[in-house]
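> Sequence:
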Amino acid sequence: MDEDYKLAKWLNNELTAEELAEFKQNPDFALYEKIKENSARLKTPEFDQDKMLSNVVTTKKTTKVIKLKQNWLARIAAVLVIGLGLFFAYENNNVTYYGTNDVVPVIKLPDNSEVAINNNSEIKYQKWFWKNNRIIDLKGEAYFKVAKGKTFEVNTNLGKVTVLGTQFNVNSKDNTFEVTCYEGKVKVNYKNEELILTKGMQVSFENEAKIEGKTNLLKPNWTSNTIEMRFTNQMLQTIIADIEKTYNVKIKTNTIKTEQLFTGKIPSDNLEIALQIIASTYHLQIKKSSETSFELVKK
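Under our numbering, think of the first position of the sequence shown as 1, with each following residue one higher.
Think of the hints as simulated: they come from the structure by calculation, not from any bench. Check before you lean on any hint, since a few could be wrong.
[To be verified] Mimicking DSSO-like on lysine-lysine, the simulated pairs with C-alpha atoms at most 27 Å apart in a straight line are: (1) 210 to 252; (2) 160 to 191; (3) 24 to 139; (4) 131 to 185; (5) 265 to 245; (6) 160 to 265; (7) 124 to 219; (8) 139 to 173; (9) 173 to 187; (10) 199 to 210; (11) 252 to 214.
[To be verified] Here are the in silico distance ranges between beta carbons for each label pair: (12) 272 to 107: 17 to 23 Å; (13) 153 to 290: 34 to 40 Å; (14) 14 to 107: 40 to 46 Å; (15) 233 to 185: 19 to 25 Å.
C-beta atoms are modelled at their ideal positions from N, C-alpha and C, and glycine is treated no differently.
Please construct the entire structure, taking both the sequences and the accompanying hints into account.
This is the structure we're talking about:
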């Protein structure tokens, strides 16, 4: 049976029990059900039969009548219903999740991959069309645990990450684009540059400058909800970035070297002590501009 005609018969409840059972096996049946449900809510304008008759009587133009076969009428009806329902389907298709201060939300994607979303961050993807449009739009920072054998893309306003069965972190804020691979392999695209990261590798781009580094962590500190952050041979600029994200502050480091390595613990519940540890380790002075703005300078 022609698929369009079968769809039209289903819309008109004309399928036999055998035909209906077969039609339900269609991979798009769930989508048809949703469209049909939303289309049922549409309201059509009332038809004024007297006004229409008056217009026909007073019109002197010759009207050519075209007879359509029944199956073509059915096809047209199906197309109209789908067209009207697509608007409602599209509105319910885009899914957005946000990170909060209180807890790190972990979202399960349609392929069972998981995404943890950091504070002041969000992800968006198309739920219904995920199979053919495996793209996530990210604003801010998120940690991904990709289901084995699955692949998708993470798009940000600064760069793109392509993944296949891996665990990685993406941070895209202001002019900084940073990717860390904790397991497996990821492909990073930043403007005209493309590179591959494997386990323990990380790269960041800030104001056109590329900085490559390594990590021994199993996952990002911010996903743990613990009272301390642990670092092993991490560059100072990475430590500063984590402190800024944890406490939602801005720390200027324009006059100091930030490529120095750090190993140790930083509290995630006391900003003053966190800054003092950094300052004492690298012989720096803390200048406070406001409650959320600081600068580290040489003594």
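> All hints are to be evaluated individually against the structure, with a verdict given for each.
Going down the list of hints, with the structure as the test:
| no. | hint | result |
| --- | --- | --- |
| 1 | 210 to 252 | holds (19 Å) |
| 2 | 160 to 191 | holds (9 Å) |
| 3 | 24 to 139 | violated (38 Å) |
| 4 | 131 to 185 | holds (22 Å) |
| 5 | 265 to 245 | holds (16 Å) |
| 6 | 160 to 265 | violated (31 Å) |
| 7 | 124 to 219 | holds (22 Å) |
| 8 | 139 to 173 | holds (7 Å) |
| 9 | 173 to 187 | holds (19 Å) |
| 10 | 199 to 210 | holds (19 Å) |
| 11 | 252 to 214 | holds (23 Å) |
| 12 | 272 to 107: 17 to 23 Å | violated (34 Å) |
| 13 | 153 to 290: 34 to 40 Å | holds (39 Å) |
| 14 | 14 to 107: 40 to 46 Å | holds (41 Å) |
| 15 | 233 to 185: 19 to 25 Å | holds (22 Å) |
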